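J.: Sequence:
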Amino acid sequence: MSAENMTCARTRTLGTLALACLWPGLTFGLSSDAKQPIYIEADTATYDEATGQTVYVGHVRSTQGSLIVDSDKMIVYQKEGKTEKVVAWANPVRLKQTPDGGKEDIHGTGQRAEYFPETGILILYDKAVVWQGGDSTESDRIEYDSHKNFVKAGDPQSNKSRVRVKLAPKAEAGKPK
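Numbered per UniProt numbering, the sequence shown spans residues 1 to 177.
No lab work stands behind these hints: they were computed from the structure. Values in this document were obtained by computation on a predicted structure and should not be read as measured data. Treat the hints with care, as some may be off.
As the list claims (entries may be wrong) - Computed cross-link-like contacts, BS3-like style, restricted to lysine-lysine with a CA-CA straight-line distance of at most 30 Å:
| id | residue 1 | residue 2 |
| --- | --- | --- |
| 1 | K166 | K148 |
| 2 | K148 | K127 |
| 3 | K160 | K148 |
| 4 | K96 | K166 |
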């Protein structure tokens with residue numbers, strides 16, 4: 001696989017990581033985002049062919065259309081040219097995307113985010129929060145299966161993990177918010 005093709009595959013995966021963060025029930029991002037090129041900026045980027053890992057470090061920003069992902073460090077794990085996992089770390093990792101229809105932006109944060117493209121599963125860890133407008137979900141672990149549109153918040157293995165959900169009242173039709 002050429003270096004250009006590997007870069008393209010890695011950047012597509014990073015965009016998918018961020019897209020997978022969208023919470024069911026929330027409005028998805030702009031329909032045109034998936035057709036946009038993905039751009040990644042970082043202070044450094046290192047690819048190790050022996051391990052199949054690309055490490056981006058320092059002020060990492062991935063953008064695709066209206067989607068923006070900011071982290072301190074991001075690692076893309078590949079095997080035989082296929083992305084197996086993407087992990088991002090920060091204090092916190094920040095995700096933001098603008099949905100169609102002029103609705104409020106979707107946001108997500110966590111200390112760590114893991115995405116598995118084969119299964120479509122994204123997991124936000126440690127102080128994880130997903131919100132749009134006044135609605136939000138918080139937990140130490142939020143898992144989203146983009147293939148099945150299934151969300152699980154909380155960690156039954158941990159006694160300290162609680163799930164907190166806020167459902168804001170919707171403005172009545174014709175009345176200002």
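J.: Now tell me if each hint is right for this structure.
T.: Results for each hint:
1. K166 <-> K148: Given pair K166, K148 holds - Cα atoms ~23 Å apart, limit 30 Å.
2. K148 <-> K127: 24 Å, holds
3. K160 <-> K148: Holds, at roughly 28 Å.
4. K96 <-> K166: Within the cut-off at roughly 19 Å; holds.
When held up to the earlier numbered hints, the structure conflicts with none and fits them all.
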